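As given, the protein sequences belong to chains R and H, one line each in that order. Sequential numbering of the first sequence, starting at 1, is according to the working numbering. Sequential numbering of the second sequence, starting at 1001, is according to the working numbering.
Read the hints as simulated data drawn from the structure, not as lab findings. None of the values given here were measured: they were computed from a predicted structure. Don't take each hint at face value.
Said to hold, decoys possible - Cross-link-like lysine to aspartate or glutamate pairs, in silico, DMTMM-like; alpha carbons within 20 Å at most:
#1 R/LYS56 - R/ASP20
#2 R/LYS165 - H/GLU1012
#3 R/LYS56 - H/GLU1014
#4 R/LYS56 - R/GLU123
#5 R/LYS56 - H/GLU1012
#6 R/LYS56 - H/GLU1039
#7 R/LYS165 - H/GLU1014
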Amino acid sequence: MRRAIDDAEAIARARDGDLDAYAVLVARYTLRAHRAAFLLGAGEEADDVVQEAFVKAFRHLSRFRAGEPFGPWLLRIVANETRNLTRSRRRRAALALRLPAAESSGAAAGGPVDVVLAAERRERLVRAMNGLPDRERQVLVCRYFLDLSEAETARVLAWPLGSVKSRTARALNRLRGLLVPPDQERVTND
Amino acid sequence: MTDRTGWQDAVEPELRAVGRELEVPPASDLTTAVRRRLEEQAVSRRRMPAVGAGVLRHRLGWRAALVVVVALLAVLIATPQGRAVISHVFRFAGVELRQGPGPARPPGSTALPGERQMSLEQARRQVSFPILVPGALGRPGEVVVSDRGRIVSLIYRRTPHGLVRMDEFAGHLDQLYFEKFVHLGNVAKVGVNGTKGLWITGPQELMYITRDGTPAVASARLTTGNTLIWGTRQVAARLEGNLGKTAALAIASSAH
């Protein structure tokens, strides 16, 4: 009875109104969807966004093309819901990405020098990410935090592939600029 | 130490490494909540003309739906038709009404999650919405804030109507669902201070729905008397007690 069904079968059955089959998809994709919603800016409201996305996805299953991967298709709905939310807040996505406090401060407090430096650098990277314009941060979240390919990122953010490439490049450049440590900055200015 | 080029080129792999370390809060299990909503939609779609349902969904939009998303779930069991399978599901001012058999109630005392009794002044600081206090009843005997400020309950033990309870929450008056209540035999629409309200007679099974949409089974209880539900732009309220309609409306009108 409890035979594992693959995505294609679950989708086909859910499309015919089988809520058990859809529950399999919900259980299977909740973590990914939640991570995406949270990192794209839904913050504490990630659960609400994901719930709404799953309800909408069910309604739109008829538009799902057989053979297409379910993940990016769902994440596109999640990204859209997240955008609606952040727009309705009328303020910048209250994201503030955070590294686990214990690890970074612990390392900085008394670890070996290279560990301390690495932790410090990661913290700078996170701060720099938080300072990027929304779209550039979104593209980096998709590419590097959600491990999506360029094509998948284009699908999820509903952008042309070219925009994904150009915004990724721009965002990485900006990050590099923000990351240059002060002492080296001085050296290159000489 | 790393030279400048190394420092730059490390960005992509480092971003991936940071991605693995970032703090992401745990996800809730949404299978039950999603299923419940899909079942409700299936029910309301059967009840409403297809076009109406589409317009309703479209006009409500997901944001409204989120605001409206059930704070309390009342299951009407008082009428014979109420005992049949669920045939109506409606939401109004954060309250979802179903006609159907109530949930199995756990034995023992019932409570909302995380109930904390405090003064009215403390409660005002704990919740995000303005607390309505019905002047007709005077100061509440007890003020209870539940579920980390999501609900506030004013409890009046000695009134001419016996025990009266008013639950308030950040509900949202949703007129689009409102017309549908005419289907329910013991639910009537009423006007409260110029806004719309619902007057529900007879005891109902009441259950609290948590932030993630799952019912808090321990909160299930049979209400006493009748209930009036109404909302303003910022707060929704349900007034419960052994009250007649006139008395309930007078109390509601005195609340500000």
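Worksheet entry | Enumerated hints in conflict with the structure, sorted upward | 3, 4, 5
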